[in-house]
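Peer 1: Start from the sequences, fold in the hints, and give me the full structure.
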Amino acid sequence: MSSTQAPEVKPKEGFSSRKVFIFAAIGSAVGLGNIWRFPYVAYEGGGGAFIIPYLCALLFAGIPLLYLDYAIGHRFRGSAPLSLRRLHRGAEWLGWWQVLICVVIAIYYAAILAWAAKYTVLSFTKGWGDDPNAYFFGDYLQAAGTPGPTFDFVPGILMTMILVWVVTIGVLAMGVQTGIGRTAVVFIPVLVLAFIVLVIQALTLDGSMEGLNALFTPDWGALTHGSVWISAVGQIFFSLSVGFGIMITYASYVDRKTDMTGSGAVVGFSNSGFELLTGIGVFAALGFMAQAAGTEVSEVVTNGIGLAFVAFPTIINEAPGGVVIGVLFFVSLLLAGVTSLISIVEVVIGAVRDKVGISRTAATFVVGVPMAVVSVLMFSTTGGIYVLDTMDAFVNSFGIIAVAAVMMLAITYVFRKLGVLQRHLDARSSIKLRGWWPALVAVVVPLLLIAMLWQELKAKIDTPYEEYPADLLNVFGWGMVVALPILAIGLSLIPWRKDVSLEDPTTVEVDGGEQA
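Take 1 as the starting number for the sequence shown in full-length UniProt numbering and just add one per residue.
Be a bit skeptical, because a hint or two may be false.
[As the list claims (entries may be wrong)] Restraint-style ranges between C-beta atoms, simulated for each label pair:
| hint | residue 1 | residue 2 | range |
| --- | --- | --- | --- |
| 1 | Tyr413 | Lys126 | 54 to 62 Å |
| 2 | Val266 | Thr224 | 30 to 38 Å |
| 3 | Val197 | Ala427 | 37 to 45 Å |
| 4 | Ile200 | Asp152 | 40 to 48 Å |
| 5 | Pro495 | Gly304 | 22 to 30 Å |
| 6 | Asn213 | Gly304 | 21 to 29 Å |
| 7 | Asp130 | Ile200 | 22 to 30 Å |
| 8 | Pro469 | Ala293 | 29 to 37 Å |
| 9 | Ala442 | Pro464 | 34 to 42 Å |
| 10 | Phe124 | Gly221 | 39 to 47 Å |
| 11 | Leu457 | Val414 | 18 to 26 Å |
| 12 | Gly304 | Val266 | 22 to 30 Å |
| 13 | Phe365 | Arg497 | 34 to 42 Å |
| 14 | Thr224 | Ala427 | 39 to 47 Å |
No lab work stands behind these hints: they were computed from the structure. The beta-carbon is built from N, C-alpha and C at its ideal position, and this holds for glycine as well.
Peer 2: Below, the structure written as structure tokens:
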């Protein structure tokens, strides 16, 4: 359709209320990183003193970027590619870059959820035995001796991954309100309640106070190191699900009259509140682990996969009521991960629906089934852990950070649309953006992201990541980083379906129901 034609006015599939949108946005934001990354980053960043850079990062980087995503999706009423195409003809490729990043993240994220599902079951009997490290890498993952992809499948992982994808595709096929919205409204309260019970249980363990002292004792000298402030920005950035299409997509499903800045503040502070809760629970448990081992907390602190699948099973083996702690921890990990995976795949589904005009059900299967097949083939093998680790490190460092920085700079200085977005939010929101938001989005946040990008680039060039083989890093690391924006440009050249308007759709409403 030519750019002179009027915007479409057909009601758009959407959330039934602001409350459902907020639950869905929190569900996307609260993910694995909140549970297994934040406590470690806070500890390494100065303990109690880290709260200062963390809050600064939330207020002056995370929430402003969240507002930018909201403004784009809410104003231009489409998936990331369509919203950015409506913003400016030259911006569409940025949306496809975000979509491709979501494809990459989704295919390996599902593998971690499969592990969490398996470990939820194992928690009832402590099925990992007396040596959780040997069980996880040897018996369960059957990790190959040499890092790299293999075609040796592990049946236990394969079947659980298929189950994860069946659930994800099933929820998404039900639509925005019935599937995504209702799932979030149920899962998020259950997740919070489960983790509160976990924290209470962890606080009763011997040594828990030593763990909390290790986490919250402030190291004020850490605040003089720029890397600590960059780490705080990185934690906020990754945990809020900003910069790669999710919040643009979700904001397009919200009624025109919704208070977007107020909603964003609720989402931002809810996400950070949950991170603080996880820090208390994790370090209380690590304090017990240190006391049981007769060592210092600093000797047992870890993050990521090591925390979830090695350290916590070790704690569960030794702790009174360990079965309860185990079930609550892995159920929390699973619930947080499922709501995040749903939001990631929805970015891809929304883009495909907008581009080619197929139904919700058709788009879900057209997108979900191929992604599931690739995911299972790559990550249910003995080499899957190495490919997963590489892709995760590179897509986060050079995918999400890069596209967010480029998008902010392009919207501000190339397309000059920041004022349009500010006026849109100010006209219908409780928190007025005035001059502070444009200054942060145009200058402060891009500079912080560029600093993060430079820091990551230097680190990975100076020392090969995890000392993995060059072939593995060149294909699934550097090669992927270069390929994504090139493929995005190619996707932006594909014509849009004839019945979609590329104009600013100021009259499109959300019906809160489901579109066929």
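Peer 1: Confirm or reject each hint.
Peer 2: Right, here's what the structure says about each hint:
1. Tyr413 / Lys126: 54 to 62 Å: Distance hint for tyrosine 413, lysine 126 holds at roughly 57 Å.
2. Val266 / Thr224: 30 to 38 Å: holds (33 Å)
3. Val197 / Ala427: 37 to 45 Å: holds (43 Å)
4. Ile200 / Asp152: 40 to 48 Å: holds (43 Å)
5. Pro495 / Gly304: 22 to 30 Å: Violated, since proline 495 and glycine 304 (Cβ atoms, about 42 Å apart) do not stay within the stated range.
6. Asn213 / Gly304: 21 to 29 Å: holds (23 Å)
7. Asp130 / Ile200: 22 to 30 Å: Holds, since aspartate 130 and isoleucine 200 (Cβ atoms, about 27 Å apart) stay within the stated range.
8. Pro469 / Ala293: 29 to 37 Å: Roughly 34 Å apart at Cβ, these two residues keep to the hinted range, so it holds.
9. Ala442 / Pro464: 34 to 42 Å: 36 Å Cβ-Cβ, so the 34 to 42 Å window holds.
10. Phe124 / Gly221: 39 to 47 Å: Check passed, 45 Å falls within 39 to 47 Å.
11. Leu457 / Val414: 18 to 26 Å: holds (23 Å)
12. Gly304 / Val266: 22 to 30 Å: holds (28 Å)
13. Phe365 / Arg497: 34 to 42 Å: Once the Cβ atoms are compared, 19 Å apart, the range 34 to 42 Å for arginine 497 and phenylalanine 365 is violated.
14. Thr224 / Ala427: 39 to 47 Å: holds (42 Å)
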